[in-house]
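As they're listed, the protein sequences go chains E and A.
Everything in the first sequence is counted per full-length UniProt numbering, starting at 1 for the first residue and increasing by one.
Everything in the second sequence is counted per full-length UniProt numbering, starting at 1 for the first residue and increasing by one.
Hints are not guaranteed to be accurate.
In the BS3-like style, the derived pairs of lysine-lysine whose C-alpha atoms are separated by at most 30 Å in a straight line are [stated by the list, open to error]: (1) E/K288 x A/K231; (2) A/K51 x A/K271; (3) E/K155 x A/K151; (4) E/K116 x A/K155; (5) A/K266 x E/K271; (6) A/K231 x A/K102; (7) A/K288 x A/K231.
Derived from the structure by calculation, the hints contain no laboratory data.
There are 2 protein chains.
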Amino acid sequence: MAASTASRLSPPRLHAAPNHPLRRSRFSPLRAAKLEAVLSIGTHVIPHPRKVETGGEDAFFVGGDGGGVFAIADGVSGWAEKNVNPALFSRELMANSSTFIKDEEVSQDPQILLMKAHAATSSIGSATVIVAMLEKTGTLKIASVGDCGLKVIRKGQVMFSTCPQEHYFDCPYQLSSEAIGQTSQDALVCTVNLMEGDMIVSGSDGFFDNIFDQEILAVINGSPGTDEAAKALAELARKHSVDVTFDSPYSMEARSRGFDVPWWKKLLGAKLVGGKMDDITVIVAQVKTVVIPDDEGSGIELEKVGGEQLAAAGVASAEQSE
Amino acid sequence: MAASTASRLSPPRLHAAPNHPLRRSRFSPLRAAKLEAVLSIGTHVIPHPRKVETGGEDAFFVGGDGGGVFAIADGVSGWAEKNVNPALFSRELMANSSTFIKDEEVSQDPQILLMKAHAATSSIGSATVIVAMLEKTGTLKIASVGDCGLKVIRKGQVMFSTCPQEHYFDCPYQLSSEAIGQTSQDALVCTVNLMEGDMIVSGSDGFFDNIFDQEILAVINGSPGTDEAAKALAELARKHSVDVTFDSPYSMEARSRGFDVPWWKKLLGAKLVGGKMDDITVIVAQVKTVVIPDDEGSGIELEKVGGEQLAAAGVASAEQSE
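Take the sequences, apply the hints, and build the full model.
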């Protein structure tokens, strides 16, 4: 029996306690000319359990352009039914992205980067994709097609999150070799102003389908750096993905869309639960500031920051990372 | 007994069917000089059931500047315990916002608008607040402090959503007359590129705490215009807010934070459910394009579009709306 009162749920909302640590530092965009925002980036990829030998179909790249840039592409696995390797498209898309990011026209616009990288990709297949570029002023620019995701964590809470785009359950928007797919014009394009210390957590749907926000926050809070955080997050998602009793974000979403176990299992009291086995890519980036000497007019120092790699350009797939 | 397999949950993700209606019109920002984005805005406010006579503590304003602008402020009710009318701060904040939006410096930057409006507000109290400004190119600029919300709906799905900021459950970030509150510097500041036909649904927490995304989508889909949609959404949220058996977003969040019914009720099988009685403000805006004659260099026509009011400037609270 469900019982409660609405008033039980409506305590007066309290004024913030005087000693709450609310103040934080913030970029003064280009006013304090010596401070520039950069990303300290950690990455980790774990292929689908049945795709370990081929490395899976996710791919990503990380670059040092601007304040830092990264992208993730998730090859759509349905292509395997047509005897097409679904990894080819996502890997070429990321390789092309890492080339075009050097182009001045696209280095400031993730949607143009997607357009150019997509146009240059000749492999057959399709992929969901997300690109994030940090400007030195602290503005993060995002373009996303499909169900890769990105969240920003500030002061221990998720303060920004992208939403997946899909045609229907489990059929995301995707850049494709075929004219029937989406284009960069279909991307969600947005920006968010970041602050020093903000953490970015981005991943393929194989990550976000298998982990809850509260788990992400706990792992981020308990990790010494972005490399460790990315690895710990990917491993927690993998653990959930093969757990047939875990009530994952994916199984909750499936039930909310009307999917269910067969009727005879339902009669026995079963419900649709379980993780979702998939390639898992995680990128964790922390926003830091670097001091640029007055006499340096352009460029940022590419250096080790806090033990993590700062945006050394490169393309990777699970083959290389795992 | 929970039973399923992960593979049951992992169908291959399908390629989009060839006849899927994916293409849509899109703004060509300033390339097609005659097309400008504007908002067709509908609003509806329903005060807390015990605050109908005073009009509640939400306030909002709608203006025609740029492609359209709106803001919502939710006065923090805890001030009533200190014999301060919580509505004064939110109403003055919105009145000041509607004044400063005319200022060229702030008309392009919602965070500067918040800063100036906050600095000019002399009432005692505090409020959560969200401001959204549409540029004529289709870029929506958002600044939010606390737990007012904004979602963008495109092609029948939520493709963008703000996240609430809070100190702890039911204590949101808030602009305040006191130094211990937050400032505009604490705002979530983001932009999202909109397309013709996109729907924006914004509201105070009293709205989003009492309605699910799927319900919002259904109401938007079934409404002939933004006025009707805003009214229907507010009324559905009000219905849920006084329903002690409704398992609302608010009660689900409360349980996830460890809140529960008293132990003796729990022994009887009860669980914490119910809507949340609160002031409910809803703003629904649809992105439309207007054709500007070649010889008009600036400004957009303020006119009736599709039966709804297009951004006639004004400030309102529940006193005036209900």
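- Contradicted hints - numbers only: 1
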